[in-house]
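Trainee: As they're listed, the protein sequences go chains Y and B. Counting in this note's numbering, the first sequence runs from 1 upward without gaps. Counting in this note's numbering, the second sequence runs from 1 upward without gaps.
No lab work stands behind these hints: they were computed from the structure. Any given hint could be a false lead.
[To be verified] For lysine-lysine, the following PhoX-like pairs were computed, each having C-alpha atoms within a straight-line distance of at most 20 Å:
id	chain 1	residue 1	chain 2	residue 2
1	B	LYS124	Y	LYS164
2	Y	LYS164	B	LYS138
3	B	LYS138	B	LYS128
4	B	LYS115	Y	LYS157
5	B	LYS138	B	LYS124
6	Y	LYS60	Y	LYS179
7	B	LYS121	B	LYS138
8	B	LYS115	B	LYS128
Keep in mind the model is a prediction, meaning the values are calculated, not measured.
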Amino acid sequence: MIRSISSIVFFLSLLLSWEFVARSGHYSPVILPSPLNVLEYIWQATCDGTLWVATLVTMKRLMLGYGLGLLFGIPLGLVTARFRLLQDTLGLLALGVQTLPSVCWVPLALLWFGQTEAAMLFVVVMGTLWSVIIATNDGVRAMPPIYLRAARTMGSKGLHTWIKVILPASLPYLVGGMKQGWAFAWRSLMAAEIFVTILTGFGLGQLLQYGRELLAMDQVVAVMAIIVVIGLLADRLLFSPWERFFHRRWGTGSMK
Amino acid sequence: MSIENALINIAPERIEIDGVTKSFTTNRGTIVALDNVSVKVAEGEFLCLVGPSGCGKSTLLNIIAGLDTPDSGRVLANGESVTGPGRDRMVMFQEHALFPWLDVLGNVMFGLRLKPGLNNKERKEVAKYYLDLVGLSKFQHANIHELSGGMKQRVALARALAPNPRVLLMDEPFAALDALTREQLYGDIQRIWEARRKTIVFVTHNVREAACLGDRVLLFSPNPGRIRAEFQVDLPRARDINSVELARYSTEITTALKGFTNKQGTEVAE
Numbered sequence: 001m002i003r004s005i006s007s008i009v010f011f012l013s014l015l016l017s018w019e020f021v022a023r024s025g026h027y028s029p030v031i032l033p034s035p036l037n038v039l040e041y042i043w044q045a046t047c048d049g050t051l052w053v054a055t056l057v058t059m060k061r062l063m064l065g066y067g068l069g070l071l072f073g074i075p076l077g078l079v080t081a082r083f084r085l086l087q088d089t090l091g092l093l094a095l096g097v098q099t100l101p102s103v104c105w106v107p108l109a110l111l112w113f114g115q116t117e118a119a120m121l122f123v124v125v126m127g128t129l130w131s132v133i134i135a136t137n138d139g140v141r142a143m144p145p146i147y148l149r150a151a152r153t154m155g156s157k158g159l160h161t162w163i164k165v166i167l168p169a170s171l172p173y174l175v176g177g178m179k180q181g182w183a184f185a186w187r188s189l190m191a192a193e194i195f196v197t198i199l200t201g202f203g204l205g206q207l208l209q210y211g212r213e214l215l216a217m218d219q220v221v222a223v224m225a226i227i228v229v230i231g232l233l234a235d236r237l238l239f240s241p242w243e244r245f246f247h248r249r250w251g252t253g254s255m256k
Numbered sequence: 001m002s003i004e005n006a007l008i009n010i011a012p013e014r015i016e017i018d019g020v021t022k023s024f025t026t027n028r029g030t031i032v033a034l035d036n037v038s039v040k041v042a043e044g045e046f047l048c049l050v051g052p053s054g055c056g057k058s059t060l061l062n063i064i065a066g067l068d069t070p071d072s073g074r075v076l077a078n079g080e081s082v083t084g085p086g087r088d089r090m091v092m093f094q095e096h097a098l099f100p101w102l103d104v105l106g107n108v109m110f111g112l113r114l115k116p117g118l119n120n121k122e123r124k125e126v127a128k129y130y131l132d133l134v135g136l137s138k139f140q141h142a143n144i145h146e147l148s149g150g151m152k153q154r155v156a157l158a159r160a161l162a163p164n165p166r167v168l169l170m171d172e173p174f175a176a177l178d179a180l181t182r183e184q185l186y187g188d189i190q191r192i193w194e195a196r197r198k199t200i201v202f203v204t205h206n207v208r209e210a211a212c213l214g215d216r217v218l219l220f221s222p223n224p225g226r227i228r229a230e231f232q233v234d235l236p237r238a239r240d241i242n243s244v245e246l247a248r249y250s251t252e253i254t255t256a257l258k259g260f261t262n263k264q265g266t267e268v269a270e
């Protein structure tokens, strides 16, 4: 209760000081829109559907790319950790490529796939995949080998060991990797949507970019705010339950 | 299989270790952990292996468990050659090796879930039976990190007992516990051994512990790992670790141990 009050007070005072600075008249509303302007835009764009459509388009791209990144990243991370040859090849590649800011994939994606959904998808997958591989790999390698020995004595082998022992043992790392992958996917998708103009769907990134071109800073800030809110919601809905679970089970996490 | 069958006492297994040799190569050269070691373990026997660190006693245990393979020689469990881990031989490690992502019941169920012929309800009942046996039925939904060291080893014991193995292999399971908890567990393990009639091979570097628990104590010397002496402990059960009669046995074993360890400058706990 006290925690939610302090959150509310903090954000309210942030908004109030913003409103205050915006109203002081020092800055043109083109440079600094007031929170009320932004809210007005959000209201209006929600009513005419622009915002819904853009959010939907973006989320669809994000979920597809992120899902593919996890689908391939987790198994690949598992095998790079368990097989030396893959560790020295694919593992090294992942380690190198994950340092690459995902926006760097955009020119290549445009060249290969043109201004299409495939280009978007490619950029998001590239943004997600490598960090998920690295996190899974690290998680498996941090697992105490005694778990495997204990599991073997109880008759666990092959796929059963992978699913019932190695995967849950790496869960704390895995959730960390999924969070990082999520953040990277968002970043790469926004980069792609801002740089790649395509006609098959008008996402949040494009909405933001058009706001800039029209000098509609209320629109730009509104889209930024929505991206922040979606990010927070994703954290609360997708990752927090897992984190709470393993903090409780493992007895980690000193903050209640 | 019904739950009665799952809990029934299967005849404990006879183990034959026949000329087992195992060496490891490290940066400092080759260590002969086991040099042509032969032991017969009788059905339902409580056998203790004692020796200083690095004498190969844990290696022997791992080989019986099927977690390690010997360079030469063989291990027979109930007449059959051991080629890998088996549900008839369960292991308890020095570290509890419980899985932190499962609760207490989940850990005890882990081996049971891999055992065919039981449905989930029966598995749960079997797990609860063993949790009750180790005195932890109230803690079935606790997380592993919430338990004390002694409780963790009790859960590990329940987990090892649950699939109803014929042989229990214990690798210094109480070494990391405080003295008081350990004494409690000596009582528990003797009680459970009598109730469930397992063949137990128990590795320790604590002579008194070996004398307290074992029907027979084998003394190992390190590098090359060999059996140097054998002691029968003919004391009634349940034995008290602090009893005078026990002290006589442990003094005798310690003297023998010192006889060959002094030359090599290794230490052993009494």
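Trainee: Determine for every hint whether it applies to the structure shown.
Mentor: Verification of the hints:
1. LYS124(B) to LYS164(Y): Cα-Cα ~18 Å, so holds.
2. LYS164(Y) to LYS138(B): Distance ~25 Å between LYS164(Y) and LYS138(B) Cα, so the pair is violated.
3. LYS138(B) to LYS128(B): Within the cut-off at roughly 10 Å; holds.
4. LYS115(B) to LYS157(Y): holds (13 Å)
5. LYS138(B) to LYS124(B): holds (14 Å)
6. LYS60(Y) to LYS179(Y): Status holds; Cα separation ~18 Å.
7. LYS121(B) to LYS138(B): Given pair LYS121(B), LYS138(B) holds - Cα atoms ~18 Å apart, limit 20 Å.
8. LYS115(B) to LYS128(B): holds (16 Å)
Consistency with the previously given hints fails for number 2 only.
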